[in-house]
Structures are given as C-alpha cells and as structure tokens.
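Novice: Residue strings, one per chain:
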Amino acid sequence: MYDHGEGNGKNLVKKLLPRILKAAFKSIIAFVLIYLIPSLLLQDDFLPAEYKLSMNIFAVIIILFIVIVELTSGTIFQYIFSFLRVIVLIVFFIFTLGRGSITVTIEMLYIAVDLSIILAMLIFVELLGLAKTVLGAVHFLSQKNEKHLNSR
Amino acid sequence: MRQVVRALGWATRILWVAIIIFGLTVAYSATNLQAGVGQPQPPLVSNGLMTLALPFYINNTGFYSISGLNITTEIRDHNGTSVSTSTTLVPLIPADSFVERTHNISVSLPYMAQNLTYLVFEDSNLTINVLIAMMFAHAVSLQMSANTTLWWGAPLSNFAIGEISADLIAQEMIVPLNFENHSPVYIDGTLRLEIYNGNNQHLGSGMMDVSVPPGHMYDDRLEVSVDVSKLTEKGEVHFYFETSTFSLGPIIMSW
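Listed in order, the protein sequences are those of chains A and B. For the first sequence, the positions run 121 to 272 when the numbering used here is used. For the second sequence, the positions run 218 to 472 when the numbering used here is used.
Hints in this document: simulated from the structure, not taken from any laboratory. For glycine and all other residues, C-beta sits at the position ideal for the given N, C-alpha and C. It is possible that part of the hints are untrue.
[Said to hold, decoys possible] Stretch by stretch, here's where chain B covers chain A in the computed footprint (C-beta under 8 Å, at least three residues):
no.: 1; stretch: 146 to 159
no.: 2; stretch: 179 to 192
no.: 3; stretch: 204 to 213
no.: 4; stretch: 243 to 250
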C-alpha cells in the first residue's frame, strides 16, 4: 500500500515536474518580454501611474495564465483556461486602452493618444488565439474519443 | 487539424512578438523625440497682418516617421470670440531627421478694428489655445493641447478727449486728446475728426498726422475751424483713425 502510494507520488512528480519547469521557463520569458524590457527601455515618467498599474496587471494576467495553462496541459482545462485568457485579455485591452483612446492631463497640458490601430491589432491576435484554442479543444476531444473507441 | 492548430499557434506567437516589438519601439522613439521652441521674433506688420514668428524644431531620433504634424494656435478674447487662428503643417518628418520651421501667429488688424474694436482701445488678456496633432509611425495618432494667456496691449489705450473749448474770435474749437500705444507696433496714421452740434449739424472737421512708437504716450490738441453760428452747448465728435494697416471709425464721443 505504502509502496503503491510512493509510486503514485513519484509518478505525479514525474508528470508535474516538466510542466512546472516549462511553466517557469515560459513565465520568465514572458516576464522579460512584457515587463522587464519595457521597464528598462522606457523612462520612469513616460507612463502615468494608472497606466503603469495596467502594465503590471497585464504582466500578472499573462504569467498567471501561462502557469495555469501549462499545469493543466494535456487536459481539457488547458483549452478552457486558454479561452478564458483570451476573453480576459480582450476585455482588459478594451478597458485599459479606453476603447482605443487614452488621455492624460499633465498640469496644463492635455494629451490624447489614439491607439485604435494597436487595439485592433491586439484584438485580432487574440481572436486568432481564440480560434486556435477552439480548434485545439475540438482536436483534443476528437483524439480522446478516438482513443476511447480504439481501447474498446 | 493538428497542423492548423500549430500554424495558428505560431502565427499568434509571431504576431504577439511583432506587436510587442512595435509597441516598444514606438514608445522608445516617442521618448527620444526632441522638440523645442526658439526665441519669438518681434511682431511684424505687413498687409494688415500683425505676425508673431515662433521658430521651433523637431529632432526625430526615433525609428519611425512622424506624419501630418499640425500646429494650430487659436487666440480668443475674454468673451470667447475668436481673434485669430493660425496653422502650420509639416507633412512628414522622416526617422532620424531634424526639422526646423516657424509657426506664424497672425492677427488681422482690419478684422480686429472692425469686429473687436474694444481691443484697439482696451488692454486685455487673450487666451491662446495651442493644439498639436501628429501621426506617429502611421499608426498612433497623438494630440496635445494647452491653454495660456497673453497680455494684449491696445494701440490706442486709454483714448480720451479732454475738455473741448471754443475760441469764438478765431472761430475754432480746440480738442485735446491723448492715448498710449501699449501695442508692440508703431502707430503711424492720420486722425480725422468731425464736430457736430446738438442738432446734429456739421460744424467743422480737422485732420492731423499721428506717429507714436510702441510704449509711448500721445498727448496733443487739434484745432478745428468751425461755424460758430451753429454752436450749441453740447454735441458730438466723430473720430476716424486711418493707418496703412487698418481704418477705424467713426468713434463717437460727446462733448
């Protein structure tokens, strides 16, 4: 009994360890790309405080979903969380980029930046990701069914 | 299906990296943009336009070009009435280039004399709205606006006539008048006045050349030959002021 439990634990660690390592590796790359490099390249006063917070939230969303999706990879939850990530990101972009236009007032200077084209590009890429997730889920389920039928 | 999913996955990844790189380079280019305003030139008056030249430069050291740079200054009086609108357009500032231009803020003196006559006589605070619009990297549109106030010095500030006296022997009326030229332009013109009695009958008219440098006061008296037989206790003086750039009048004052 004890031996069997130890074997299960070992199997679980064997199964989870690569996923954890993969999740950590992907998270580090994402962190460097979407948080560290922008922070190093852009001056401190380039973004107003509220948009700095949005940048941090964006990094958290991306890294959180990378970890969840990696840990649930090989299950249907991988696709469910991928789908959820796309929806969360689209909503996040629309709210953060103020439907394509952001405004900042610095003392007497009013600045309006129209980011509609960037927003459209982001939403397009996310929709592409959504299509990939749905197709991936369909493929995953069909493969599972196929295996199930073959095992009969 | 697997190939399609893979292809979509790679397309998404590549597009994501492209967007991140594009966003970063746009932001980096924007932070490296250098712009400044030079010393404004003294106002020049030509063809009825008083023009203030404001030199500016843009050093685009970024990766992307700036297109459709539009600088608009709108001057309004304290009632919100438009005094002038001036626009400077720079169609394209390529990446890694230096551009020097001059934004001319022009005020039409004939328009002002006709529609905003009080500004000829009264000093005032004018509001300047500055709007700068440009397209960055053909993708990001940027608009900046700011308000500031500008003190306006009237060319005929504190314009007043003193006590009008009549010399019955010489058949003349003596009209003392004074004003201060608070404007930055040289006032050089002709002052003409028509004198009417209380029954609106023309008594006489006079003319004099006026030449007042900026910041100087004008204080003189004009002797006008009149028909003393029509003289009444009260009446009106109609002033007309003509310069090479604008005409003014009649300005009616009672005596």
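Novice: Give a verdict on every hint.
Specialist: Structure-based check of each hint:
Closer than 8 Å: that is the beta-carbon criterion, and the stretch 146 to 159 of chain A has 4 residues meeting it against chain B, so the requirement of 3 holds. Given a C-beta distance limit of less than 8 Å, the hint that chain B covers the stretch 179 to 192 of chain A is violated, as 0 residues qualify and 3 are needed. With 0 residues carrying a beta carbon less than 8 Å from a beta carbon of chain B, the stretch 204 to 213 of chain A misses the three-residue requirement, and the given coverage is violated. Look at the stretch 243 to 250 of chain A against chain B: 4 of its residues bring a Cβ nearer than 8 Å to a Cβ of that chain, three or more, so the hint holds.
In the structure shown, a violation is registered for the earlier hints numbered 2 and 3, in ascending order.
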